[in-house]
Amino acid sequence: NAGVTQTPKFRVLKTGQSMTLLCAQDMNHEYMYWYRQDPGMGLRLIHYSVGEGTTAKGEVPDGYNVSRLKKQNFLLGLESAAPSQTSVYFCASTPRDRLISSGNTIYFGEGSWLTVV
Amino acid sequence: DAKTTQPPSMDCAEGRAANLPCNHSTISGNEYVYWYRQIHSQGPQYIIHGLKNNETNEMASLIITEDRKSSTLILPHATLRDTAVYYCIVRGYNQGGKLIFGQGTELSVKP
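So the sequence lines, in the order shown, correspond to chains S and X. For the first sequence, position 103 matches number 103 in our numbering, and the numbering has no gaps at all. Adding 117 to a residue's 1-based position in the second sequence gives its number in our numbering.
These are calculated hints, taken from the structure and not from any lab test. The reader is advised that the hints may include incorrect statements.
Said to hold, decoys possible - Calculated pairs, DSS-like style, for lysine-lysine (alpha carbon to alpha carbon, straight line, at most 27 Å):
1) X:K120 / X:K169
2) X:K120 / X:K215
3) S:K71 / X:K215
4) S:K70 / X:K215
5) S:K9 / X:K215
6) X:K120 / S:K57
Based on the provided sequences and hints, a complete structural model is requested.
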């Protein structure tokens, strides 16, 4: 049981390049999230998904796209990277709402450090 | 979604209790209060959660006021390793999945 796994952990991009971050969870969770965290700041929600084939915008969705083709995977794409997207990206997953009373319900990945030069 | 308000920073002496407050005055009846912490740039770590009763586990205690509009996370004997940013989050049923973090409280435990 690996929990939430993010790949890659580190990446340096040139402005204008594209890339995809992969989040994988093996807990059969319905909900998955992508956050970004800038230095000295809290976590800000980029996009989230409440199930396979569905996605929704969070607080800061511009410049990002997401896909949830399989329940266990949530992909975050940067089509044309900008220096403002330099950040640490965290993925999280959780069971759907009716199960949230059951203890530690929000699981986080270890983060992906992205630098855009 | 219910909003949370936390002080931006707090200090605590090593070995003393750390009491971290959170205001969630717009919380609704079916929303839980969760506490997470983040050390350096690691992924947030679960601490505790509760609905209306006080809760205790091996890490901390959670005190929720009777009107549920505020809560306090208590670390009974803070150590240097408890230095972190602590996030109070409210979430309930039928929120459509959205999960928003506030700014959190940066706790500094000093020798």
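For each hint, the structure was consulted:
A C-alpha spacing of about 17 Å is found between X:K120 and X:K169, which places the hinted pair at or below 27 Å, so the restraint holds. About 13 Å separates the Cα atoms of X:K120 and X:K215, which keeps this hinted pair within 27 Å; it holds. Between S:K71 and X:K215, the direct Cα distance comes to roughly 17 Å. Compliance with the 27 Å bound is thereby established for this hinted pair. Only pairs whose Cα atoms come within 27 Å are accepted, and S:K70 paired with X:K215 is accepted, the gap being roughly 19 Å.
At most 27 Å may separate the alpha-carbon atoms for a hinted pair to count; S:K9 and X:K215 meet this at roughly 25 Å. Annotation: proposed proximity of X:K120 to S:K57 holds, straight-line Cα distance about 18 Å (limit 27 Å).
Violated hints: none; the structure is consistent with every hint.
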